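Engineer: Residue numbers (our numbering), protein chains in the order written: chain E, 1 to 244; chain S, 1001 to 1637; chain H, 2001 to 2257.
Simulated from the structure, these hints should not be mistaken for lab results.
Nothing here was measured: the structure is a model prediction, and the numbers come from that model.
Treat the hints with care, since some could be wrong.
Unchecked claim - So, partial list: chain S residues that the calculated Cβ filter (under 7 Å) puts toward chain H:
(1) H1015
(2) R1071
(3) Q1127
(4) V1129
(5) P1134
(6) M1241
(7) Q1273
(8) S1274
(9) S1279
(10) T1282
Cβ atoms here follow ideal geometry from the backbone N, Cα and C, with glycine treated the same way.
Chain residues, written in single-letter form:
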Amino acid sequence: MVEFWRSTIGKKTFVAVTGTILVGYLILHMVGNLNSLFGPTGAEPRVDWYAGWLRELGEPLLPFAGALWIVRAILLGSVIIHITGVVQLRFRNRDARPARYPARKIGRSWESGVMMTSGILLAAFIVFHILQFTTLTVDVTPLHHEQVYFNLYNAFQEWYFVAIYLVALILIGVHLRHGIWSLVQTLGLDSPARNRGIRYGATTLTLVIVVGFALVPILFWTGLLDAPEPPAATITAIAGGLTG
Amino acid sequence: MRLPDAKIPPGPLEHKWQAWIDQHRLVGPNNRSGKNVIVIGTGLAGASAAASLAAQGFGVKSFCFQDSPRRAHSIAAQGGINASKDYANEGDSVRRLFADTMKGGDFRSREANVWRLAELSENIIDQAVAQGVPFNREYGGQLATRSFGGVLVQRTFYSRGQTGQQLLLGAYSALEQQVAAGNAVVHSRHEMLDVVIVDGEARGVIVRNLVTGEIERHAADAVILASGGYTNVYYLSTNAMGSNVTAAWRAHRHGALMANPSYTQIHPTCIPQSGEYQSKLTLMSESLRNDGRVWVPRKGGDDRPPAEIPEDERFYYLEERYPSFGNLAPRDIASRAAKVVCDDGLGVGPTGRGVYLDFRDAIAQRGRDVVEVRYGNLFEMYENITGENPYETPMMIYPAPHYAMGGLWVDYELQTTIPGLFAIGEANFSDHGANRLGASALMQALADGYFIVPHTVAHHLTADRESVSTTDSAFDTAQDAVESHITRLMDVGGTKAAQVFHRELGNVMLDYCGMARNAPGLEKALTEIGEIRENFWSDLRVDPGRDEFNQSLEYANRVSDFLELGELMCLDALRREESCGGHFREEYETDDGEALRDDERFAKVTAWEYQGDDGDPVPHDEQLSFENVKLATRSYK
Amino acid sequence: MNFTLEIWRQFDTGEEGRYEDFTVEGIDPEASFLEMLDQLNERLTEEERRTVAFDSDCREGICGTCSLVINDTPHGPRQVTSCQTYMRDFEDGATIRVEPFRSTTFPVIRDLVTDRSALDRVIQAGGYTGATTGPQPEPNSMPVAPEVQEKAMDAAICIGCGACVAACPNGAAMLFTGAKVTHLNLLPQGQAERGNRANSMVEQMDEEGFGGCTNFGECSRVCPQEISLDVIGMLNREYRKARLSRDPKDPPTMLAQ
Ligand SMILES: Cc1cc2nc3c(=O)[nH]c(=O)nc-3n(C[C@H](O)[C@H](O)[C@H](O)COP(=O)(O)OP(=O)(O)OC[C@H]3O[C@@H](n4cnc5c(N)ncnc54)[C@H](O)[C@@H]3O)c2cc1C
Ligand code: HEM
Ligand code: HEM
Ligand code: SF4
Ligand code: F3S
Ligand code: FES
Chain E
1 MVEFWRSTIG KKTFVAVTGT ILVGYLILHM VGNLNSLFGP TGAEPRVDWY
51 AGWLRELGEP LLPFAGALWI VRAILLGSVI IHITGVVQLR FRNRDARPAR
101 YPARKIGRSW ESGVMMTSGI LLAAFIVFHI LQFTTLTVDV TPLHHEQVYF
151 NLYNAFQEWY FVAIYLVALI LIGVHLRHGI WSLVQTLGLD SPARNRGIRY
201 GATTLTLVIV VGFALVPILF WTGLLDAPEP PAATITAIAG GLTG
Chain S
1001 MRLPDAKIPP GPLEHKWQAW IDQHRLVGPN NRSGKNVIVI GTGLAGASAA
1051 ASLAAQGFGV KSFCFQDSPR RAHSIAAQGG INASKDYANE GDSVRRLFAD
1101 TMKGGDFRSR EANVWRLAEL SENIIDQAVA QGVPFNREYG GQLATRSFGG
1151 VLVQRTFYSR GQTGQQLLLG AYSALEQQVA AGNAVVHSRH EMLDVVIVDG
1201 EARGVIVRNL VTGEIERHAA DAVILASGGY TNVYYLSTNA MGSNVTAAWR
1251 AHRHGALMAN PSYTQIHPTC IPQSGEYQSK LTLMSESLRN DGRVWVPRKG
1301 GDDRPPAEIP EDERFYYLEE RYPSFGNLAP RDIASRAAKV VCDDGLGVGP
1351 TGRGVYLDFR DAIAQRGRDV VEVRYGNLFE MYENITGENP YETPMMIYPA
1401 PHYAMGGLWV DYELQTTIPG LFAIGEANFS DHGANRLGAS ALMQALADGY
1451 FIVPHTVAHH LTADRESVST TDSAFDTAQD AVESHITRLM DVGGTKAAQV
1501 FHRELGNVML DYCGMARNAP GLEKALTEIG EIRENFWSDL RVDPGRDEFN
1551 QSLEYANRVS DFLELGELMC LDALRREESC GGHFREEYET DDGEALRDDE
1601 RFAKVTAWEY QGDDGDPVPH DEQLSFENVK LATRSYK
Chain H
2001 MNFTLEIWRQ FDTGEEGRYE DFTVEGIDPE ASFLEMLDQL NERLTEEERR
2051 TVAFDSDCRE GICGTCSLVI NDTPHGPRQV TSCQTYMRDF EDGATIRVEP
2101 FRSTTFPVIR DLVTDRSALD RVIQAGGYTG ATTGPQPEPN SMPVAPEVQE
2151 KAMDAAICIG CGACVAACPN GAAMLFTGAK VTHLNLLPQG QAERGNRANS
2201 MVEQMDEEGF GGCTNFGECS RVCPQEISLD VIGMLNREYR KARLSRDPKD
2251 PPTMLAQ
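Using the sequences plus the hints, can you model the full thing?
Structural biologist: Here you go:
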């Protein structure tokens, strides 16, 4: 394993595996977010129910929010490995070419050339994003614990939050359009018979992810999703939901 | 000096090689690493020899002038390699391959050598396959074969149109495996400039490190020259730019005899020359003649596009003159026939030196798809070079110098007249007589390298010899000679690049010592070469700097040897007053223009001895005897 | 045809290089790029100036010796070797930039000549089957389906030119190494060393200082032999399997009952 990590191909394989984990998480996250589309749905918005479910998952085997913490650990680990891998590779790759001679672009996609940039910006976005919706530190619009629908609704009434999220999604698109195809190649899962399909598949999956995420801020902002009940009512509703 | 014995083992032809193998002496495995062999060249012959000797445990030093051993000229061979495996169930056999090769060479080769070659041919295929050479396969996974110029059976194995490449990469990787194992060392970008002879035996070489310009000395117990052929003496040839005669010629100057130097092969299917600036000619594989039909317009100066020339105004000269072989006539015959029609003013193309190779009928009969599968990459290559699409208009081809049947004289053990100096592959004169059949050079280079010299050199190494050090005075003398030759080249101080003289030499050689030769022409050539040589030594300019990377010096050095070789070729062609194979003397032809051999006087190998810069080379004859084939007039009619 | 050439001049490995301008006139459109350089060199000789060093041998696209970067593209505009690039591919009067293959692993020897021996060392690490000279099995006893042969051949035709390295923004030799591993690992004759081959060739590739692959795909776009990126997928797969499977040097021991 250590030797594997030391080699260029091994390192790249780690990047690909962690990338896959991150993509997997994104898909789940997107599906979760799409629960908002059900709207406030009376007492408990469906997305809030989902958030609660996430935390209860595995109970009583796991403590409250145990599964969530496992997921968080995996994600954090993946991001760290992913970034360490790409940074180390980048240094190697830079050494392999004389400094003053950038390689002319012959046919490579521009996305492939900006993976580092799109990745770093993504990292910045993720930090900001967690500060906003998870720790509720970026408390510009009213934010309340465990009231996802409420938080989203309020945040996405502001055009600049919508803009930040849409830009982040474009970054995701850029990163993944190369990334998803690339991971298949890195893992050596390609074959001449499948390659065309893999290319299309990567682009489609990227689109699905980007559009799937984008629906949420857009629909909130355009007002197609109704305002949630005021917070107090929701709390009782949750309590009711938990006991009932 | 008398020509030494060719050391052909007694006994029936079929058993000679086995008999030799059975009696040869061996070096014990523990003693082998102390015995060193130098191999010059990493083509098929050199790489296979170096890999095989190293695998046996001998210490091998291998040299080539390219930047990697994988780039040796053998890489360019396209068509295929012969072996008498008879997978096609046509009754092919060692005897048949032997007989075809003897006849193909117009009965100017040694029976014993040719038999051994045919015998070893099968092992070569087995060896190559084991190395991972991807020969073409039939459905069902069996090896595929095809027929190739001048034979009636399908015994040619091939890897698309890149057989030489694949075989060479096989030998190269076997060599690299030995490098990794520590048994062999490869010195690339090193050019051998002299052999070192101690007590009458070849014991080392002087090489120039082409990167640093340093003159290095290397000592060994035996030296193998696998330095390839010399057809670049014609300037334009199908050989790689770097192919040269230097290694062989420097050995010749030390007493190794040069046999049949005038036997050169002009290959019939090459892309014609398009201008003065051209640096080399490109071969189009002979396999094209399996489906392409060769013709010229019946009327001279007919400049209609070929498609508009009606059938009855086309002169399919090969089919008319050689009905049974037709377009598949051997190379020397097909080449000369092309020259004859062009000399008669029927040639096509801007220079009038071209004939059509037409696939119209093949496409009509078999369909474009089939033609594409068979020749797709060759058509692409043709289009890439000429800008014309051979599916639509016929290819234009013309003969070009291609292969040297002549070379250093060797005995049955492939040893030259200098003990301890062996010559293999195209560098020796051995197996092809006066003309080489298609797909047999690869066979010979690999038979020599894999299966013959590893035994004969090992045998040579059994003798006890004192180890020599590179401080031996013989090395001093050799190095001094090399240095002073370089100084001489550097000091001419003229104005012209070596290329200019090379081009002039090539023109003379092609005109007078090419596809057709005659006494007055050869005399004239000798005078003209003399003049070129004088000009060379008074008007040459090489870049300054001998202790550095200097390509103009490398080139000039090679041309200086070509100039001397050219003279010897003309002398040899003059002396051989007969026509045989690739050597066609216009004075000796049958009534219908075919080669007329003189077996009484010339069933011989002529080996030339060097006599110093001013002396006239002395010929020595080796009588050939034919006990197993009938000396017949070669007929492909 | 007339051209202005901006040619990279560098005296030796250590020296700083620079571009030098030359004009060439009256070039035949059918002349190859290298023949055009020959003509330039002949003229430079007459003018008693140092000739431009460049590598070539076969001049028919098979030996892999020629190695120019023409107008920023390794080998030139048409995805054929430098020697197969013809002047008719350029516009009359054009300015053409000529430089050596650029890679830290290919130090410049002089002008346009580089040292690509790193590629040989990658082959030394495992680019062979273990067969040494001697009696071998009858080839037809190990049939190879034509499709497998074709695939192996598609990879085996790599000419070792190194253009893939020169084109790769990471200076990676993945296409070259992948081609050899694909060729041998597909064939039955290459099975015995299959895992070791992938391991040691990749190790050597890294040791030489080639970069890592980020799947840019430029290598395959300049490859004169049109080697497909699939060989990189194959190399990744073979290496991963070999590295992550049990160390062959340490096989499970058999237990006596
Ligand atoms: C275009 C073409 C196609 C051909 N096709 C076929 C075919 O289909 N079938 C067939 O059977 N034959 C074919 N031939 C002929 C065949 O390729 C050659 O005869 C054969 O490859 C010669 O191999 P070799 O090992 O003797 O020499 P080469 O491959 O020429 O190798 C010579 C080696 O010697 C080295 N060398 C030379 N001089 C020196 C020196 N002074 N110092 C250090 N190193 C030196 C070179 O670096 C090189 O490594 C073809 C030839 C050509 C030109
Ligand atoms: C956090 C900061 C991130 C950085 C700095 C970063 C950077 C990179 C870089 C430089 C690559 C290499 C590109 C290549 O090899 O072609 C890469 C690959 C990849 N990244 Fe990221 N990335 C980040 C986050 C993410 C995230 C959040 C995801 C998923 C949602 C992701 C998914 C991928 C995938 C799938 C690959 C392809 C792996 C492969 O080619 O084998 N990355 N990343
Ligand atoms: C429009 C798009 C997005 C919306 C509306 C959104 C919404 C949310 C919300 C509401 C939470 C908090 C959930 C909770 O506390 O239960 C959250 C958490 C999170 N989101 Fe997003 N998200 C979006 C895009 C993204 C993207 C693109 C990424 C990654 C690149 C991402 C990564 C995360 C992470 C890592 C967490 C923290 C999970 C945790 O540890 O609890 N999100 N997101
Ligand atoms: S893979 Fe292509 S570009 Fe790379 S060395 Fe081989 S032939 Fe050249
Ligand atoms: S261009 Fe370089 S990044 Fe990989 S796909 Fe080719 S080696
Ligand atoms: S010179 Fe051989 S490939 Fe260009």
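Engineer: Would you settle whether the hint for H1015(S) is holds or violated, based on the nearest Cβ-Cβ distance to chain H being less than 7 Å?
Structural biologist: 19 Å, violated
Engineer: Taking the least C-beta to C-beta distance, is R1071(S) closer than 7 Å to chain H?
Structural biologist: 4 Å, holds
Engineer: Let's test the interface hint: is any C-beta of chain H closer than 7 Å to that of S1279(S)?
Structural biologist: Check passed: Cβ of S1279(S) comes within 5 Å of chain H, closer than 7 Å.
Engineer: Answer holds if the nearest beta-carbon of chain H is closer than 7 Å to that of Q1127(S); otherwise answer violated.
Structural biologist: With Cβ-Cβ at 6 Å, under 7 Å, it holds.
Engineer: Close enough to count: is the Cβ of V1129(S) nearer than 7 Å to one in chain H?
Structural biologist: At about 4 Å, which falls below the 7 Å cut-off, the nearest Cβ of chain H leaves the hint on V1129(S) intact, so it holds.
Engineer: Under 7 Å, Cβ to Cβ, is where T1282(S) needs to be relative to chain H, so tell me if that hint holds or is violated.
Structural biologist: With a minimum Cβ separation of about 5 Å from chain H (threshold 7 Å), the hint on T1282(S) holds.
Engineer: With 7 Å as the cut and Cβ atoms as the points, is Q1273(S) at the interface with chain H?
Structural biologist: 10 Å, violated
Engineer: Under the criterion of a CB-CB separation shorter than 7 Å, is M1241(S) in contact with chain H as hinted?
Structural biologist: With Cβ-Cβ at 5 Å, under 7 Å, it holds.
Engineer: Should the hint that S1274(S) touches chain H count as held when the rule is a Cβ pair under 7 Å?
Structural biologist: For S1274(S), the interface hint holds, since the closest Cβ of chain H sits about 5 Å away, which is under 7 Å.
Engineer: With chain H as the partner, please determine if P1134(S) meets the hint condition of a C-beta pair closer than 7 Å.
Structural biologist: 5 Å, holds
Hint compliance for this structure: hints 1, 7 are not met, and every other hint is.
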